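The chain contents come next:
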Amino acid sequence: VTFLTLVWLLGAFPLGAQAIPCANNAGYGTRGLQADHQFGSRVTNNLVINPASTCSIVRSIYIVNSALNFVEVGWFENGPDYPGDPCDDVSTPHILVYAKVAGHIKCKPATPALNAGQSYSFRVDNPDHDNDFVYYWAGDQTPDISLGYFATGFTRGYAQSGDERTATSDSLRADFSGLNSLGGGGGWHNFENPSTYSEGNVSGFAICSWSGGHLEVKSSC
Amino acid sequence: MLGPKGDSGLRRRPRIRTALGVGAALAMVGVLLAIGQFDSGGEPSDRQTIQRGLFPGGPVPGGKAVSLEEAEQSFPMANYRPNSGFASDNQITGVWLRTDEDPVLHITYESGAVVEIRPAKGSQSTTVFAQAQIRDGVPGEITKIQGVEAFLIPPDDQGNVAIAYFNVGDALVVIVGDASSTIAEVSAVSESVVSDASTR
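Protein chains in written order, with this note's numbering: chain A, 1 to 221; chain B, 222 to 421.
Read the hints as simulated data drawn from the structure, not as lab findings. Keep in mind the model is a prediction, meaning the values are calculated, not measured. C-beta atoms are modelled at their ideal positions from N, C-alpha and C, and glycine is treated no differently. Fair warning: there could be bad hints in the mix.
[As the list claims (entries may be wrong)] Here are a few chain A residues that face chain B, going by a calculated C-beta distance under 7 Å:
#1 V64
#2 S66
#3 A67
#4 L68
#5 A102
#6 G103
#7 H104
#8 I105
#9 F150
#10 A151
#11 G153
#12 Y158
Produce the complete structure using the sequences and hints provided.
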């Protein structure tokens, strides 16, 4: 009876789904903001895969028109306890192709998986200024790999970089070496030194120097 | 499939069996305590989401938080505002303004609703915008609000909220509800904005 009860309990409460809790500290990290109108953003190297394994993590670059209008490309990982965010549940790193258009979330499903510990580059741009932002993987190569596009209804915004996750322990490196933004004339502009920002609701974390001007978010430096 | 050997084994080790039973019971208690701890620790961990698109300076990059009076003076176009039970001037919780060549006014309300206004000039018509969104799989519909063409998007269980998008006068207006808003509530705010525009 005891064994059967244990089997029943494990069936009713699968431990794998919540075995390791994540603290409620969503939305901390570092941000860069290119204070000029831009039509695209790219990172040419070192968007490093640093999986959190049980918690959500997103590393990406944006073009933000407003909180209701932005496009985003990078990589993400959702632990098994984070259903529905952003569009697929994945327990290993995958490419993120995401947008919010007039407040509505768009997300490309079934994007390619990435390898932990590797570096990847990404690009999103609107070179024709025609409301359609195009997403690329391997954005530092020519030709690079298209991930498709989203019709957005806006043509430009502010270039921004972002690291976000919900986790408590391991450090989160914010390496945006090779970050560029696309100007109205079609040229890529250097964006090597983004300003840093830590969300106000995540006390207990600090932005620390990692190496070569790159950043790391840890509980203490 | 317990045979004589198994039965024999159990009979020969009554103390071990008792210890195993107690251990299993303690393990179950531990499991239940652990589950209880995870489920009662504030926000349920399985419903946390990452909030993307937030950044220093509020919801309008290149803009700033202003008073309603400042917005009325500085926004370079008609500042249509709703006056409904869901969103009205005395329920405003924040006003953000950008006044460069891509001006935008972003107002938040106690209900969680957001009203964002920008010049319609240079933007797509509601129909063109809506058709592009529908092609992308957005589950909205083109309808009319007091004769004004509007694109309405209902809320869903994937984190999307109720939205209305329309052009009125010289403005492109987007109205976004919060997680509990219905499309009827957002439509009511839209009707109020359209009414405000018709009186100017």
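A quick look at each hint next to the structure:
1. With a least beta-carbon distance of about 5 Å to chain B, the hint placing A/V64 at the interface is held under the 7 Å criterion.
2. Look at A/S66: its Cβ gets to within about 5 Å of chain B, closer than 7 Å, so that hint holds up.
3. Hint status for A/A67 relative to chain B: holds, with the closest Cβ pair at about 3 Å, below 7 Å.
4. At about 5 Å, the closest approach between the beta carbon of A/L68 and any beta carbon in chain B falls short of 7 Å, and the interface hint on this residue holds.
5. Taking 7 Å as the C-beta contact cut-off toward chain B, the hint placing A/A102 at the interface holds, the least distance being around 5 Å.
6. Below 7 Å, beta-carbon pairs count as interface contacts, and A/G103 has one with chain B at about 4 Å; its hint therefore holds.
7. Interface restraint check: A/H104 against chain B, minimum CB-CB distance 5 Å, threshold 7 Å, status holds.
8. Restraint check, A/I105 versus chain B: the minimum CB separation of about 5 Å is within 7 Å; hint holds.
9. Against a cut-off of 7 Å between C-beta atoms, the interface hint on A/F150 holds, since the closest Cβ of chain B lies about 6 Å away.
10. The restraint placing A/A151 at the interface with chain B holds, with a minimum CB-CB distance near 4 Å, inside the 7 Å limit.
11. Because the smallest distance between the Cβ of A/G153 and any Cβ of chain B comes to about 5 Å, under 7 Å, the interface hint for this residue holds.
12. Because the closest C-beta pair between A/Y158 and chain B is about 4 Å apart, less than 7 Å, the hint holds.
Checked against the numbered hints given earlier, this structure breaks none of them.
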